[in-house]
Amino acid sequence: MSDGEIALLLARVQFGFTIAFHIIFPAFSIGLASYLAVLEGLWLKTGRDVYLRLFKYWIKIFAVAFAMGVVSGLVMSYQFGTNWSVFSDKAGPVIGPLMGYEVLTAFFLEAGFLGVMLFGMNRVGKGLHYFATLMVAFGTLLSAFWILSVNSWMQTPAGYSINDVGQFIPADWMAAIFNPSFPYRLVHMVLAAYLTTAFVVGAVGAYHLLLKPDRESARTMFSMAMWMAALVAPIQIIAGDFHGLNTLEHQPAKIAAMEGHYETRTGAPLILFGLPDDDEERTKYALEIPKLGSFILTHDLDGEVKGLKAWPADQRPPAAILFWSFRVMVGLGLAMAGIGLISLFLRWRRALYDARWFHWLALLMGPSGFVAVIAGWITTEVGRQPYTIYGLLTTAESRSPIAAPAVGTSLAAFVVVYLLVFGIGVLYIVRLMRQPPAALQQPVAAEEPIRTAGLMPGPAMGTAPTSETTT
Amino acid sequence: MIDLPLIWGLLIAFAVLAYVVLDGFDLGIGVLFPWLHKGSERDTAMNSVAPVWDGNETWLVLGGGGLFAVFPLAYAIVMPALYAPIIAMLLGLVFRGVAFEYRWRDAAHQRWWDVSFALGSIIAAFAQGIVLGAFVQGIEVSGRAYSGGWWDWLSPFSLLTGTALVIGYGFLGAAWLILKTEGSLREHAYRVALPLFVAVIVLIGAVSLWTPFLAPDIAERWFSRPNIFVLAPVPLLVGLLGFLLLRALRRRLDRQPFPLALGLFVLSYAGLGVSNYPYVVPRSVTIWQAAAPDSSLAFLLIGAALLLPLILGYTAYAYWVFRGKLKSGEGYH
Chain Z
74 MSDGEIALLL ARVQFGFTIA FHIIFPAFSI GLASYLAVLE GLWLKTGRDV
124 YLRLFKYWIK IFAVAFAMGV VSGLVMSYQF GTNWSVFSDK AGPVIGPLMG
174 YEVLTAFFLE AGFLGVMLFG MNRVGKGLHY FATLMVAFGT LLSAFWILSV
224 NSWMQTPAGY SINDVGQFIP ADWMAAIFNP SFPYRLVHMV LAAYLTTAFV
274 VGAVGAYHLL LKPDRESART MFSMAMWMAA LVAPIQIIAG DFHGLNTLEH
324 QPAKIAAMEG HYETRTGAPL ILFGLPDDDE ERTKYALEIP KLGSFILTHD
374 LDGEVKGLKA WPADQRPPAA ILFWSFRVMV GLGLAMAGIG LISLFLRWRR
424 ALYDARWFHW LALLMGPSGF VAVIAGWITT EVGRQPYTIY GLLTTAESRS
474 PIAAPAVGTS LAAFVVVYLL VFGIGVLYIV RLMRQPPAAL QQPVAAEEPI
524 RTAGLMPGPA MGTAPTSETT T
Chain G
120 MIDLPLIWGL LIAFAVLAYV VLDGFDLGIG VLFPWLHKGS ERDTAMNSVA
170 PVWDGNETWL VLGGGGLFAV FPLAYAIVMP ALYAPIIAML LGLVFRGVAF
220 EYRWRDAAHQ RWWDVSFALG SIIAAFAQGI VLGAFVQGIE VSGRAYSGGW
270 WDWLSPFSLL TGTALVIGYG FLGAAWLILK TEGSLREHAY RVALPLFVAV
320 IVLIGAVSLW TPFLAPDIAE RWFSRPNIFV LAPVPLLVGL LGFLLLRALR
370 RRLDRQPFPL ALGLFVLSYA GLGVSNYPYV VPRSVTIWQA AAPDSSLAFL
420 LIGAALLLPL ILGYTAYAYW VFRGKLKSGE GYH
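Chains as they are written, first to last, in the numbering used here: chain Z, 74 to 544; chain G, 120 to 452.
Hints should not be assumed to be uniformly reliable.
Claimed, not checked - Some chain G residues near chain Z, calculated using beta-carbon distances under 8 Å:
| hint | residue |
| --- | --- |
| 1 | 170 |
| 2 | 194 |
| 3 | 217 |
| 4 | 219 |
| 5 | 225 |
| 6 | 227 |
| 7 | 230 |
| 8 | 234 |
| 9 | 260 |
| 10 | 261 |
| 11 | 264 |
| 12 | 267 |
| 13 | 412 |
| 14 | 430 |
| 15 | 441 |
Stated by the list, open to error - Some chain Z residues judged to face chain G by a derived CB distance under 10 Å, without partners named:
| hint | residue |
| --- | --- |
| 16 | 137 |
| 17 | 197 |
| 18 | 236 |
| 19 | 325 |
| 20 | 384 |
| 21 | 388 |
| 22 | 487 |
Just so you know, these hints were derived from the structure itself, not from any lab.
Beta carbons: idealized from backbone N, C-alpha and C, even for Gly.
Required output: the full structure, derived from the provided sequences and hints.
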């Protein structure tokens, strides 16, 4: 490899590494922010202690995850310029403003109300505090909206023209924002975030049920999580199918790689497992179901499915990675739907809180959402190769004029720091999860104001959780 | 015709200024951390910024993201040119950002996270100062790309600005603690504020004297007429603010040092702005050359015009909720 090729590879690894770490936190905090809003809403509506206790329990975990999301996201906003400056120069006029809108609408909203949400319960009234929680949750969704629009534009560019210095410039903002793959990707990702959170909450609930089967808070969170699994996992499978069909329309080479198809065929089989080999241009040891591939992709048993050989070798994504990352994602998605189904059955038999084997299963599935999210992103991002802007700008052309040693050094620094810092962070989160939700402290006497300086001086709404001190 | 690049140049400059003064004081808490007593002083100092640091740092994302959006060429030149200090800054911010939460999660290793918080803050501040210095020095460009070397950012001048920013943030942090705390922490803040103040004034002077010698056109811009009459009040105002600060620190006027210190930052920043206008990559690329097409600028400007006042509004609200002195031991955690 030449120095330039090594630098390119290192830059790709760096982007992949930093963004794979980053996506874990938003995938969790998008779902968790909504879950917190639901919990606080239920508490305000029903007045039941258990919802407040769960709120206070999960908000601590949210705070740690959110902090990790903030700092890893900050890195992302500079990754484009440091390692992909040519891409930044060329694509900036279109995707820059979209990311600008993400900052203006989402980041500030989240950050502005996060302080009130985390620390302000005793300082503002219930209504205002709930408003802050809703704004944080809304902010996470807005953030997903803009960033997925940007990503989708790179996958299915639309609404642009090219100026005389080779920059992509906006021609039609609506077409650029709502580019062809955006609605599908947005729905797919937000559902994925909700599922990810549901399985984490479910695993924590299951863990505490295994320790103490009659714990009310554990039952409540387990039940809520299993409802999410039962309802959202099937919807996600349908949404994923639509997303796949959309990809077939706009990025057929990606689909061919995901399916391990090299030959263009009518009545193509569905390859369940196999080893795609880009050098030999065939999928070895393929375990196939005849005609099902055509049926799934074209909804016709004899439909034509394009194979990778329809494109020149230097315009194909690497099939082996896509083939397997796609299967990991789909396999986990099906497993999630299976958990949801079992939970419905157990609920019907009134055994949801007693089936210990099922609690073990749910505990095991706790990280499944994260794995599926990463596998899904690998599928769509590696599937875009060899382009950064699909069909228009290659990855090789996009990189900064930075020599391999510089990229390698910064990559090494990111790897060390991220593994250390976020590894410990995950440890702290797991430690928090191993604690059961604390009982509420005795409420402060209702007539005693917590802080005279508060905007709405008045009694504490929930009082501090017992397991926490300031030392 | 509206000059959109100019409007955006001013907006980005405002975002960076907002970042410098807002994250400046909470980075400053980190700079001061090693000198604060373990236990309640550190707890209270950190709690005084815990609800707002995240919002403060968002201005940095707006600065970077905004540059990407409206001056993509500048973003594509500046980031590779300042590669090492930018990466160092980001890694520093990672270490200090997570410390806000981690510190309370692991009593046994709290000292580690205190070190992480302090060191991360100092590295981030120093790297930002280096970025500033390297930026003012000028960046070598050919075509549409950076064409200098990998160590161009390292120079005596950038080391001076790096040091100046660490000290400056530390001073801002001390002024914040004077405003927000009481008891021994406030006393402690007063004790460190005075030497920091002296150092800040000396460093502002040093940077100001050095800057016109970096490039002839800066000197010309400073000393030619009529500019010199417009700029002359700047050092006078610095002197006035310095006098008021000294008085406030001597007389223990808790509410004054922080706004006055902010004033010093704003004045210094204005001086830098005058030196570099209208370049977005100093002495290589102007704001008009780097600007994205008007359709990009106009599109984002609509959002900025509608949302920035709102953002300023609820940011102010968040500060308002947590206003007043923080009692020792009163934690948000």
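Right, here's what the structure says about each hint:
no.: 1; hint: 170; result: holds, 3 Å
no.: 2; hint: 194; result: holds, 5 Å
no.: 3; hint: 217; result: holds, 5 Å
no.: 4; hint: 219; result: holds, 6 Å
no.: 5; hint: 225; result: holds, 6 Å
no.: 6; hint: 227; result: violated, 11 Å
no.: 7; hint: 230; result: violated, 13 Å
no.: 8; hint: 234; result: violated, 13 Å
no.: 9; hint: 260; result: violated, 11 Å
no.: 10; hint: 261; result: violated, 10 Å
no.: 11; hint: 264; result: holds, 5 Å
no.: 12; hint: 267; result: violated, 10 Å
no.: 13; hint: 412; result: holds, 5 Å
no.: 14; hint: 430; result: holds, 4 Å
no.: 15; hint: 441; result: holds, 7 Å
no.: 16; hint: 137; result: holds, 5 Å
no.: 17; hint: 197; result: holds, 6 Å
no.: 18; hint: 236; result: holds, 7 Å
no.: 19; hint: 325; result: violated, 31 Å
no.: 20; hint: 384; result: violated, 30 Å
no.: 21; hint: 388; result: violated, 26 Å
no.: 22; hint: 487; result: holds, 7 Å
In this structure, the hints that do not hold are numbers 6, 7, 8, 9, 10, 12, 19, 20, 21, in rising order.
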